[in-house]
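If you want the building blocks of each chain, they are given just below.
There are 2 protein chains.
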Amino acid sequence: MNTYSIGIDIGGTNTDIGLVRDDGHVMAKKNIPTNKYFDADIYVSDFCEQIKLLMQENNIEAIDGIGIAAPVGNYYTGCIENASNLNFKGVIDLLRMTKSYIDVPVVVSNDANAAAYGELVYGGAKDMKHFIMFTLGTGVGSGVVVDGKLVLGKTGGAGELGHAILIPEGRQCGCGNKGCLETYCSATGICRTALEMMENMPEYDGALRKVAPEELTSKMVGDAAKYGDPLAIKVFEKTGYLLGIAMANAVTFSGPEAIFLFGGPVKAGDVLLEPARKSFEEHLCFIFKDTVDIRISELPDNDAAILGAAALTKA
Amino acid sequence: MNTYSIGIDIGGTNTDIGLVRDDGHVMAKKNIPTNKYFDADIYVSDFCEQIKLLMQENNIEAIDGIGIAAPVGNYYTGCIENASNLNFKGVIDLLRMTKSYIDVPVVVSNDANAAAYGELVYGGAKDMKHFIMFTLGTGVGSGVVVDGKLVLGKTGGAGELGHAILIPEGRQCGCGNKGCLETYCSATGICRTALEMMENMPEYDGALRKVAPEELTSKMVGDAAKYGDPLAIKVFEKTGYLLGIAMANAVTFSGPEAIFLFGGPVKAGDVLLEPARKSFEEHLCFIFKDTVDIRISELPDNDAAILGAAALTKA
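Top line first, the protein sequences correspond to chains A and R.
Residue numbering for the first sequence is 336 to 650, as defined by this note's numbering.
Residue numbering for the second sequence is 336 to 650, as defined by this note's numbering.
In short, the hints are calculated from the structure, not lab data.
Treat each hint with caution, since some may be false.
Because identical chains cannot be distinguished in the list, a pair is counted as satisfied if it fits within a single copy or across any two copies.
Unchecked claim - Simulated crosslink set (DSS-like; lysine-lysine; CA at most 25 Å straight-line):
| no. | residue 1 | residue 2 |
| --- | --- | --- |
| 1 | 387 | 434 |
| 2 | 424 | 554 |
| 3 | 484 | 464 |
| 4 | 364 | 649 |
| 5 | 624 | 513 |
| 6 | 513 | 649 |
| 7 | 624 | 424 |
| 8 | 649 | 464 |
| 9 | 613 | 569 |
| 10 | 649 | 561 |
| 11 | 649 | 484 |
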């Protein structure tokens with residue numbers, strides 16, 4: 336008999352709620368607009384209503400648990416704390432608030448850690464004990480699995496490889512530091528690289544030159560690269576080169592079986608992955624040679640966040 | 336009643352064998368000259384003889400186990416493999432060879448991982464679940480403890496933070512890569528920095544100028560710094576600055592309670608530790624602010640390796 340759980344992905348704009356079967360099939364989804372709520376109690380009450388609706392509409396009488404992924408979700412406390420992109424200020428005790436409406440096990444985590452759980456439970460890491468996941472998006476997140484368990488650290492905030500410093504005194508990062516991986520290999524970092532390179536290549540008059548800087552996206556750069564745009568190719572060569580070093584560095588820490596890559600920029604495909612793999616092999620410490628696979632996440636794009644959140648209940 | 340175990344520290348020149356009481360007191364030690372042996376069987380037979388002698392001389396009838404720390408010791412296989420600094424070539428099955436002479440539990444690991452175990456069992460990390468140890472010597476080793484267990488990874492070789500790349504395209508490292516932490520923050524790296532700085536400071540005519548480059552040691556640089564030598568102080572400022580970044584990067588991975596520093600260069604004291612702590616605080620990602628202590632290893636210098644090896648039997 337199948338069992339079911341709920342995955343909730345809290346974003347700044349929308350909150351997605353999914354009913355997930357134990358084989359990783361997302362049966363149905365609902366969403367509510369996060370940014371329309373200013374009272375956390377009403378917000379939690381409303382997404383719990385949606386959970387009940389999802390269960391009724393799909394004739395599901397019981398769920399194993401509710402997993403919630405939020406940008407600053409803390410696994411140990413079950414709270415979100417001072418989320419910069421949410422209207423709810425201070426410490427919000429999501430775990431206990433949710434349980435007061437639906438009394439099942441509730442697990443809260445940050446989104447990159449949830450993604451790693453998703454890969455472990457429903458994705459390409461099912462048979463693995465040691466892997467690292469990098470999620471490339473507006474920022475760079477990561478989740479680290481050691482001995483089949485997520486590395487959470489003292490405070491629950493471990494696995495922030497997007498803020499490991501890759502280039503000392505490099506690009507200014509939103510976190511206050513300089514040279515973090517995120518400033519180079521996120522979608523935003525890719526655009527920064529493209530704009531920098533355009534400034535240094537006055538002779539370039541390709542497709543990207545016609546885009547207003549503030550409208551440039553990493554997807555545009557990726558598409559241009561696929562069509563052979565020389566600047567876009569250089570952008571991904573640099574991005575891949577730096578991502579390869581970051582992945583090789585991560586390996587020295589936990590000696591994983593694989594590194595999984597997830598997110599928009601990864602869709603650029605070989606134009607990113609070829610230089611990333613080449614740089615990874617070049618920079619991987621010889622002790623680990625031929626022991627680590629670079630893999631693309633096997634989570635389906637649209638449901639990855641919900642699956643990751645639902646996977647938290649299986650941890 | 337006290338219990339006892341044996342710690343063996345295999346170095347390229349000497350092999351130290353210690354009888355360790357469960358409270359971390361090293362009761363007695365023996366040693367044999369590693370580099371005088373060319374046959375691994377005779378070597379293992381001889382150190383096992385020394386273990387029996389240690390037990391007889393101290394009236395110990397039973398030991399809990401034997402822990403062996405070797406530069407390339409593999410925890411999973413119990414072997415040392417192609418050790419570049421030993422006369423024994425190929426794969427040496429230390430675990431089974433030792434057990435054939437003394438049938439107690441035998442554990443093999445690399446030296447930095449053993450040091451981390453030593454800190455966990457006998458040192459300053461007794462009450463900790465998450466910490467990272469950096470051992471600064473000829474190279475830089477490290478051991479990572481997560482949830483009270485050493486991170487070993489797929490092959491048993493995890494925790495090689497000395498070979499995380501700190502400065503892309505930086506100094507040539509013996510491992511083949513460029514810019515590894517080890518090339519800057521090991522004893523050797525400190526000497527390289529001193530020689531580089533002397534070349535760029537022709538006006539400097541302090542104590543270190545009088546030393547032949549091949550005879551310079553990090554201890555000399557440390558001593559000079561303590562006496563206010565301006566070049567030596569600059570050397571440690573740079574070393575501490577880079578060590579601080581490396582420690583901040585390590586925190587993003589596992590969010591530990593503490594980072595422990597061990598080894599010769601650490602004895603330089605505040606001249607290294609002050610800039611290291613300052614740089615660490617500056618570069619630590621805000622998520623982890625005020626959650627991580629920088630600590631000096633509490634293992635006694637002379638017995639640290641034996642204690643680390645003995646601690647392996649308690650893992």
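Hints versus structure:
1. Only within a single protomer do residue 387 and residue 434 lie at most 25 Å apart by alpha-carbon distance; the minimum there is 13 Å, versus 61 Å between protomers.
2. For the identical chains of this complex, residue 424 and residue 554 are neighbours neither inside a copy (33 Å) nor across copies (52 Å), given an alpha-carbon limit of 25 Å.
3. Within a single copy, residue 484 and residue 464 get their C-alpha atoms as close as 8 Å, and across copies as close as 14 Å, so both meet the 25 Å cut-off.
4. In this assembly of identical chains, residue 364 and residue 649 lie within 25 Å of each other by CA distance solely inside one copy; the values are 20 Å within and 49 Å between copies.
5. Proximity of residue 624 to residue 513 under the C-alpha cut-off of 25 Å is restricted to the inter-copy arrangement: shortest distance 16 Å between copies versus 30 Å within a copy.
6. In this assembly of identical chains, residue 513 and residue 649 lie within 25 Å of each other by CA distance neither inside one copy nor across copies; the values are 37 Å within and 41 Å between.
7. In this assembly of identical chains, residue 624 and residue 424 lie within 25 Å of each other by CA distance solely across copies; the values are 20 Å between and 47 Å within a copy.
8. When the C-alpha separation of residue 649 and residue 464 is checked against a cutoff of 25 Å, the pair qualifies both within a copy, at 15 Å, and between copies, at 23 Å.
9. Taking the shortest alpha-carbon separations for residue 613 and residue 569, only the intra-copy value of 15 Å comes in at or below 25 Å, while the best inter-copy value is 37 Å.
10. In this assembly of identical chains, residue 649 and residue 561 lie within 25 Å of each other by CA distance neither inside one copy nor across copies; the values are 39 Å within and 55 Å between.
11. In this assembly of identical chains, residue 649 and residue 484 lie within 25 Å of each other by CA distance both inside one copy and across copies; the values are 11 Å within and 22 Å between.
When each numbered hint is compared with the structure, violations occur for hints 2, 6 and 10.
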